[in-house]
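Here are the chains, one letter per residue:
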Amino acid sequence: MTTAPAATRPARAVAATPSTPQRRSPLSRGDARPAWLFLLPFALFYLAFLIGPTIWMLITSFFNTSTVRSGLGTFAGFANYGEMLSRADFWSSMWHTLQFTIYTTPPLVILAFVFAILTNRIRRGQWFFRLAFFLPYILPSATISLIWVFIFTPGSGLWAAAQSAVGITPGAGVLASPKTAMIGIAIATVWWTLGFNFVLYLAGLQEIPRELYEAAAVDGASNWAQIRYITLPMLGRTTTLVILLQIVASLKIFDQVYLMTSGGPGISTQVALTLIAGTGFTDNRIGAASAASVLLFIVIIVIAIIRQLVDRAAARKEA
Amino acid sequence: MAMTTTTRTRTKSPVSAAAPAASAGRIGASGRTFGIVSAIVLVVFAIIWLIPSVFALKTSLSENGTAALGATSILSTWNPTMHSYAALFQAGDIWNWYLASGVTSVVTAVLTVMFASMAAFALSRLQFRGKNIVFLLIILGIMIPTQILIVPIFQELGAVNLLNTYWSVIFPQVPAVIAVFIFKQFFDGIPRELEEAARIDGAGVWKVYWSVILPLSRPVIAAVTILTFVGVWNNLLLPLFVLANPNLMTIPVGLATVQGSFGQRYADIQAGAILAALPLIILYLIFQRQIVEGVTGSGLKG
Chain A
1 MTTAPAATRP
11 ARAVAATPST
21 PQRRSPLSRG
31 DARPAWLFLL
41 PFALFYLAFL
51 IGPTIWMLIT
61 SFFNTSTVRS
71 GLGTFAGFAN
81 YGEMLSRADF
91 WSSMWHTLQF
101 TIYTTPPLVI
111 LAFVFAILTN
121 RIRRGQWFFR
131 LAFFLPYILP
141 SATISLIWVF
151 IFTPGSGLWA
161 AAQSAVGITP
171 GAGVLASPKT
181 AMIGIAIATV
191 WWTLGFNFVL
201 YLAGLQEIPR
211 ELYEAAAVDG
221 ASNWAQIRYI
231 TLPMLGRTTT
241 LVILLQIVAS
251 LKIFDQVYLM
261 TSGGPGISTQ
271 VALTLIAGTG
281 FTDNRIGAAS
291 AASVLLFIVI
301 IVIAIIRQLV
311 DRAAARKEA
Chain B
1001 MAMTTTTRTR
1011 TKSPVSAAAP
1021 AASAGRIGAS
1031 GRTFGIVSAI
1041 VLVVFAIIWL
1051 IPSVFALKTS
1061 LSENGTAALG
1071 ATSILSTWNP
1081 TMHSYAALFQ
1091 AGDIWNWYLA
1101 SGVTSVVTAV
1111 LTVMFASMAA
1121 FALSRLQFRG
1131 KNIVFLLIIL
1141 GIMIPTQILI
1151 VPIFQELGAV
1161 NLLNTYWSVI
1171 FPQVPAVIAV
1181 FIFKQFFDGI
1191 PRELEEAARI
1201 DGAGVWKVYW
1211 SVILPLSRPV
1221 IAAVTILTFV
1231 GVWNNLLLPL
1241 FVLANPNLMT
1251 IPVGLATVQG
1261 SFGQRYADIQ
1271 AGAILAALPL
1281 IILYLIFQRQ
1291 IVEGVTGSGL
1301 KG
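These protein sequences, in sequence, are chains A and B.
For what it's worth, this note's numbering labels the leading residue of the first sequence as 1, then goes sequentially.
For what it's worth, this note's numbering labels the leading residue of the second sequence as 1001, then goes sequentially.
Be careful, since some hints might not be right.
[To be verified] Chain B regions said to be covered by chain A (calculated; three or more residues, Cβ under 8 Å):
1. 1033–1043
2. 1062–1071
3. 1148–1155
4. 1205–1211
5. 1229–1238
6. 1245–1256
7. 1262–1273
[Unchecked claim] Calculated from the model, a selection of chain A residues having no Cβ within reach of chain B, i.e. all distances over 12 Å:
8. 67
9. 92
10. 99
11. 233
12. 277
No lab work stands behind these hints: they were computed from the structure.
Beta carbons: idealized from backbone N, C-alpha and C, even for Gly.
Here chain B stands alone, though its shape is the one from the complex (with noise of 0.2 Å):
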């Protein structure tokens, strides 16, 4: 998580703060040529970039009549309508599916965070022998691709009776190495007189971890949370090949298992991968930082 600390020094950035600074004076008017020009095709990227979900929003807002007539029909009405949105809702398909995903997507957070934490702090904190070991094993296990075990673990789901369950979905995704690293490299730098003071007053290892390591690491467990949580959210090639059942399906494999029934009605469509994506913006607008720094962080280790 050392993007915390390379976050905080963001307002300071070295190239806007520096440049203009700097070269006052000296390159000033082309500086500031550069600096116009390139602000107005940074705008014209950003704006190409929101077309697609704009005018999927726009489509989702409008009749299913004249979604249906193209572009240039939605486009060109200006009669916003929540009518897709109501008929997603009573349909009543989506709320089995929110809950699928909110129940999976929490629950394997909660797991991950505890078993990942629990994990980490044995590898940071206690001396014990086949340490090394253990820390490889689970090194190599940040090389294997999950995607790939997908038929093996379709079977061995099934021999043990968990298909078309929650727990289907959610065990395969608890094991996520990537969380025991980030934890592992938070714990290793809190600072040791903390869990010896406690230590000296008697407190056992579970108290250490429970009452001084955890409550020291709030913004690494909040990283591995959200980042779960959208992970499991988003997951796809899991929940499905493991869940057959409709009321047991998880928003993204709902949309994708009746869109074709849908047909023409392609505002309902549009509503329906809003709906699937809002809960996840919504998480985004809250903890924008936390989802950033977790993001670059996972991907610079993993």
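Just chain A, with the same shape it has in the complex (with noise of 0.2 Å):
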């Protein structure tokens, strides 16, 4: 990430020499107010629709706030807190956060894998490749639930005539099996979203020193050495950064769980946002809501921090 400002440091380190008192109090004497007028359009944005709701939503869990009286309600201490910790949906909302987590992460860690390395060694016709592993990530979320609903058709779709073909008896649908509903949002996850981790992936790539490759030729090494020696530990940093990405993306899933399934069957692909929006736009508990919301909100800090440490970690082992 600091190939930019390593590029222009001789420039820099020129006009540093003749940067004297009297070059610079031009530069930085007048600057507090524009600066501060340069930060207040962001800084106006920032507060009303980031941390002010962030504090709104703080504040609201410890009361019964609802939408159908305005004002903050009575306070209500931890029993919001304590309603969502007892509550069975919000814990199966939570295993089956835990569960999309565990169907998705190794697909995506692993193709993306295999589809970089792959892909890097192709010379002509990559372009192909990027376009077919990429392009479903751009795509909108209602457009590859509608596709993969339609896939997933009971009986006569795409999935139900794969099976027939490969000789296995197509059941009720994936999608309407309780069983078997969040490993069709699964799939359809592993397929939107791979194209992420793959660019990630090649990126990692391109930053293997190319000499390295050249001495294993030297020596000997075949290819498969060459992978499992060289590519898998220089890839390391990469495929932690990509499981941690993976693991906060997948406790934030709303979008294709809202329009594969509802939640459905029953509650059984119900996650921490259906369950929010639930309880604060069906229920009108905002309160509630907002209650697991926080305990969401920490969940995901305790995450971001441990990548934190583990990018810290990676640093100074390359240092």
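If you follow the hints, you should be able to join the two separate chains into one complex; please do so.
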């Protein structure tokens, strides 16, 4: 991430020498007022739509706030948290989120890794593989959900047709059964978001010094050995990043679930955000929804902190 | 935007170029077999990955009657028709949805680029007290997942009577902290002597930002614009709850809301799915490099 500044370092060194206080003073003296004016527009939106709502969420999580009455409502203390932590559907939504993470992370990491290594070896037509693997990632969730719900049509859909072709009797439909609905969502998600990890790995592969492969080839290392002893270890950091990003993304999953199953059948695919939206918008219980949001927030922050620690440890190891 | 430099070296990508060149004559035969096998594996997976899109396209070009009979019927009938697309455009809703998606995505992208680049300019170039605190606050902002704020943002928009307006989709998406980071990193790499020359010529702070820094920042402006556009176009959660008027809905929300009323008209549904994605597919084909680099860059930072 430092290549751009590095390229300009000589230029800046030259500029620094003649930079006498005389020349610096017009640069910094009158800066304070314009600086705040430059920050102001962004700061207003930042406070109004990021910090403000966060604080409001924290406050309302301690009150019986509701959409049907104005104002905060009565003070509830930790009752909303207590309720959420003792509700079976809160824990089942957390479990479904974990389930989704477990289903999606291994294929999203392994397939993206393999596709990236193979694509990187191809000398001509790379654009085609980039298109095939990456394009789904920029499609709207509505598009991918409509496509996959149709593919999973019970009995006559493409999935059922493929099952019949290999001799499996298609059942009631992947999304219709509580046992397999989350698998269906996971399959659609892997197809949709693999491209993101794919380009991250491709970028990681570019950073591996070419000399390593040349030296290995001179020493007679086979292709497999090169991948095993050079590529795999060099991509370790990317893999950690991909896994942590995947976990956070899984915690925030909403679109595919809402569009493909609406959390059903029953509550078998209910996840944290559909529970929050349901509690807030359907049950009109802002306070309880806020408590659930804060709990989710805490989990996400913990993972972000883990990522920082892992990143720092990796940087230290590299240095 | 370090990706700009990395990608340029991609043509001489390490594995593909280095391995065959150095190994020629030594393990040539096994290297070639390996190359062929991996190419075949890759092509097979690429085809698997293309199937859902191609199947959706094929369905959208079928008659509703054919599509209702199922996958085998869709795949075995070759009689392409644009009937479903014509029907959607005639029904009219889709025009409103395109308008809503287009307006909200463009306006959000413009506001985000302006405000984030201004903030980044102050943080990168101007000296003022409290700079470190401001920077720390912005770093904190990157930790907040905006999705969990849907309920308080809904309440807030309701309190100021903005629900059911385009603004309700635009405003909450303007403060993209990652954009400030991307801009700041790019500005930090611009040599200071350029602006110092302008300052000596009497240029004010605004002039330096507008006439020196921004013209040098075209690649990063393009990247942030495109990524914001795609992000807003694809957002479902926010517009789903803040827009209730079908005429104001963005295209993903509109499709999600009416798909039930389509019943068995599967060809129409798939045509709608493709129309929702079409502008992004076109955008990808034009700005492939910027999109891939931007996504990679924000992924590595976010």
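Against the structure, the hints come out as follows:
no., hint, in the structure
1, 1033–1043, "holds (count 6)"
2, 1062–1071, "holds (count 3)"
3, 1148–1155, "holds (count 8)"
4, 1205–1211, "holds (count 3)"
5, 1229–1238, "holds (count 5)"
6, 1245–1256, "holds (count 5)"
7, 1262–1273, "holds (count 5)"
8, 67, "violated, 7 Å"
9, 92, "holds, 19 Å"
10, 99, "holds, 19 Å"
11, 233, "holds, 15 Å"
12, 277, "violated, 7 Å"
Checked against the numbered hints given earlier, the structure breaks hints 8, 12 and satisfies all the rest.
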